[in-house]
Structures are given as structure tokens and as C-alpha cells.
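> In case you want the letters, here they are:
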Amino acid sequence: MTIRTFSLENQISFAEISGDFNPLHVDPIIARRLLYGDPAVHGIHATLWAIDMWLKKNGYIVSLTLLKIEFLLPIVINQPVQYVCVDETKDSFYLRILISGKKAVSIKASFLIVNSHEKIHFNSKMVKDECKEVAVSDILKVSGNVDLNVDYVLANRLFPYVVNSLSPVQISELLATTKIVGMQCPGLQSIFSSLVLKFKNVASNCLQMNYDVEDFDERFSRITVKILSTSASGKLYVFYRPPYKQQPSYLDMHKLAARSEFSNQRALIIGGSRGLGEVTAKLLASGGAEVVITYFRGSRDANSIVKDVTNGGGNIFSINYDVMAPLEERNLSIESNWTPTHLYYFATPFIFDGIRGEFNNELFNKFCDYYVTGFVNIVNDCKSIGSNLKKVYYPSSVAVDSPPADMIEYSAAKAAAESICRSFNITENKTEFIFDRLPRLDTDQTASVFEVDNNDPVPHMLRIIRGMSD
Amino acid sequence: MNVNIVLRNIFREVFDDDELVISDSTSKDNVMEWDSVAHVKLVLAVEDVFNIRFSLDDVTFINSVEGFKTSINKYI
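These protein sequence lines are chains A and B, in that order. For the first sequence, the positions run 23 to 492 when the working numbering is used. For the second sequence, the positions run 464 to 539 when the working numbering is used.
Possibly wrong hints are sitting among the right ones.
Pair by pair, the computed Cβ-Cβ distance ranges are [unchecked claim]:
| # | chain 1 | residue 1 | chain 2 | residue 2 | range |
| --- | --- | --- | --- | --- | --- |
| 1 | B | 487 | A | 449 | 50 to 60 Å |
| 2 | B | 533 | A | 90 | 22 to 32 Å |
| 3 | B | 526 | A | 387 | 25 to 35 Å |
| 4 | B | 467 | A | 158 | 31 to 41 Å |
| 5 | B | 533 | A | 155 | 34 to 44 Å |
| 6 | B | 487 | A | 387 | 39 to 49 Å |
Straight-line C-alpha distance at most 27 Å; calculated BS3-like pairs for lysine-lysine [to be verified]:
| # | chain 1 | residue 1 | chain 2 | residue 2 |
| --- | --- | --- | --- | --- |
| 7 | A | 90 | B | 491 |
| 8 | A | 112 | A | 130 |
| 9 | A | 125 | B | 491 |
| 10 | A | 124 | B | 491 |
| 11 | A | 79 | A | 222 |
| 12 | B | 491 | B | 532 |
| 13 | A | 163 | A | 248 |
| 14 | A | 90 | A | 257 |
| 15 | A | 412 | A | 277 |
These are calculated hints, taken from the structure and not from any lab test. Cβ coordinates follow ideal geometry from the N, Cα and C atoms, glycine included.
Throw the hints in and build the complete structure from the sequences for me.
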């Protein structure tokens, strides 16, 4: 059994080899707002690692004749994955990459054993191109080509047995597929779903792969891309990835609340750089509240919100604060001895990390760290700076009532947080702790490749803020 | 074409399980691997074999083997 994790450094190295610098794979700050909450491992990166493991064991020098790959589950950085050889014959292999026993990647190949491969000198230098963003309305018109390339030195660090035992042209063709999908077709908003490639043994000086969109299935936002090089042909299947959710601007929201409606609130919003925290901050500021938002990693997003609200005449600033840091490292120092009267708590990790029907204790502990321990920490930190909190808002979830099969850990941790709120309402007699079970609201967290019913967060948060002002 | 056998073979292929046994009551609720991605794969595979194209309403309605059969019957 072979288990490993992919680090961010591995990902950046692979991007330099393949030319696929899509931020979904290499930018942790942007990726935290995308579908998986963390940078996702390039599917072709994971595939080449699995083939590397197989070649290491078998010692063959091979020329692929057919390759079918399905990317079934996302692999994110630092997530343990397991390589398994399901089946092999003298001219085929079937490999899988598993996450907690579930199939994440399926790789089926046919091959010929050969004596050696001719070393190819690739002329082109891999350059970091701009990540294109093709609109859905234009996708059927898209075609183009990418240069085939392998940086042997870099590639040798990531998959040495592949470099030694697989045809250099075939390596370059596999690398080209991820560049086509992640950088060009459709580029930025892409999820690589599967590929089928047929290879033939033809020598050529033409080191390019051409691509052409063959079909777009609007029901699933699924693109079929036909690819062709001198020695390979096949199809790539790709989904459009939803962009991260941009909440309405301050100006869009500022007429929803009366001008001084929330002027009785000095509001501290934990996790205010995006999502529900962002909406809450803008609504509060528009109603005359003094607002402080905290961010953990999203300084760019927090600065953008502060600028948006300040330009519109609102009163807001931001501080860096980590609810999970040890006591001596948590710094809730706010300008001019400012203390909050109201606290809103939106700190959260990525919530769709569970696997259907399985309880993962580590994941449950992670949710509890954010939803229980972090919450208790900030309540205590508010006391330590002399704050007399009047009201505290805690967002629970309808998942407590009906836990989805892949959100058991999340639901249980939210239920635990509700218990903490009830306990605080008994022990903290000067502060009212309010929680309610929010439906699925439209934020980065609830974005999906497939159509889902998400509710507009603005009216929900406005109702809650008004309840906090009573 | 025996619809039951064709569907069984498609389900076995999509869920990568050569011994999978299905019945009309096989559904998203009792097959843990039947997530949104698997659903798309099932729909596309069924469309390919039967040479049909489901409407978006059909795609949303189908959540079991019985649902597939009902929708297939509308088109063939």
C-alpha cells in the first residue's frame, strides 16, 4: 500500500512542468473561495504519480496505446491518498487513487513493452501564460493548440520512473491536456472530468497538440474537447466550474436598512471577509453601525470590503485574527480601545469535506475547533478587552435537523455549538446568545457544478441583524 | 434490448463494481456512491446506449432505477 500527500510545492512544480497555473491548483487564497476550499491537485499530476508507482514496481519501458482516466473525487493538497493497482496483465494496467477508501481517480491503460525511447529535445520553453476565461456563449467556437514540452529535470523530481520509462512525447501529451483544460479551454472556470486518449507510434517533428470543442451539454455545463497531435488523438471531458460568489456591493445594499437603524451596534464580525460575514458587515454599516471585520487568510478580500464600504460612507475597518490560535497569539487589539457591543461569528472551514455515509473523526474535530472552541475563544477574548457584549449571533444550520449523508460531521459540530449557546445563555447573564438554523444560502461554500437551490443571503441576514438590534 | 440488463451493465460500469445488483428500488438514497457526478455519468451512459436525450426535468426527476426506466419509456 502506498500513501502520500501532495504539497503546495508539489503543485507549483507540476504547474511549472505542465503550464497549468490555474489558481484552483496553485493559489491557496483564491482556491479557498472555490469549490474545494483548498488547492486541488491537478488530475494529471495525480495520474502521473500513480503511473510512476506502477512503473517503479514493474520496471518496464512502455509505450501507451490507450489511456482512459476518470477524475471522480477532488484531491486537495495535504490530503492523504492511496495508490492501488487493481489489475494488470502483460499489456494493460488498471490503477486507482483512493481517498479514505473512495475512488478518486481511475486509470486504465493498454501498452506495449519496448526496449527504449528516443530522447526528444523539446524546443519550446514552458512559459506562464495568462489563464483564459471562455464564456459559455463562446465555448463552441473555441479551438487552438499548445506546444508539447517536458522539462526533464523538473519532471524527474516529481515522477522519475515515468521520465525513465514512458515515451517523452506521451508524457508531453498528457501534460498538454491539463494545460488545454486549465488554461485555455475553458481555462479559469474548469473542472477536468475525464479523458480518453489513443496513441500511435509515429515519429514527427511537429510537437503540438491541437484542440477543438466538439460539444457543449448545457444541462450539465459539460464540454467535450477533441484533441489531436501527430501521435495521439482523443477527447477531454470538462465541466464549467462556478466562479466564486461575489456578494452585492455596499451601494447595492445601502438602501435596504434605514440610515441609523443599526447605530446602536458596535459590531465585531468574525470571518467578515466573505460570504455571510461580508453581507452582514455591509448591511450593518449601511444602517449606521460601527463595524470591525476579522479575517484569517483573506486580507485582500477584507481590504476590498473596507474600501467598498468606506467609499460609500460606512464606518468599517478590518483586523487579522485567528480564532484557533493559542491564547498568547490571539490579538484582538482594535483601534482606540474600541470594544464591541454585538458579536457575529462566521468563522468556518470548508464545509463540504465529508464522504457520504461515513463519519470522519478528524473532520468532526476540525469543525468543532472552528464552531465550538473558536467561538468560546472569541467570547472570552471580548471579555478580556473589557467588552460588555449585549448580543451574540451564532449561525447554525438546517443540517442539524436533517443531516445530509455527506455532512454528518458538520451537522454534529453545529449541534454542539448550539449547546454552547444555550449554556452561555445560562451562565452569561448580561449577554444574549442568539442562534438559528439557516437554510442553504448562496455563498462560496454552497457553490456547485450542478444547479442547486441556494437562497439569497441578504434578506436572511437583514432579518437577523434587525433581531440583534431589538 | 433488455432494459434491466442494459441498466445493470451501465450501473456496474459507472460504479466500477462488476458484482453490483440493481433493482427498481436502487436509488440515490441507498447507493452511497450515487452523487451528482455519478448521476451525470449514468444519464450520459443511458442516453448513449438508448440513443435518446433526456430533458432537464427528466434528469432532475430521475433518482432511481425505476426513474430511469420511466424516463427511457418516454423516449423509445
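> It remains to establish, for every hint, whether it holds in the given structure.
Each hint, compared with the structure:
no.	hint	verdict
1	487(B) to 449(A): 50 to 60 Å	holds, 55 Å
2	533(B) to 90(A): 22 to 32 Å	holds, 31 Å
3	526(B) to 387(A): 25 to 35 Å	holds, 33 Å
4	467(B) to 158(A): 31 to 41 Å	holds, 37 Å
5	533(B) to 155(A): 34 to 44 Å	holds, 40 Å
6	487(B) to 387(A): 39 to 49 Å	holds, 41 Å
7	90(A) to 491(B)	holds, 26 Å
8	112(A) to 130(A)	holds, 14 Å
9	125(A) to 491(B)	holds, 17 Å
10	124(A) to 491(B)	holds, 17 Å
11	79(A) to 222(A)	holds, 25 Å
12	491(B) to 532(B)	holds, 15 Å
13	163(A) to 248(A)	holds, 13 Å
14	90(A) to 257(A)	holds, 10 Å
15	412(A) to 277(A)	holds, 26 Å
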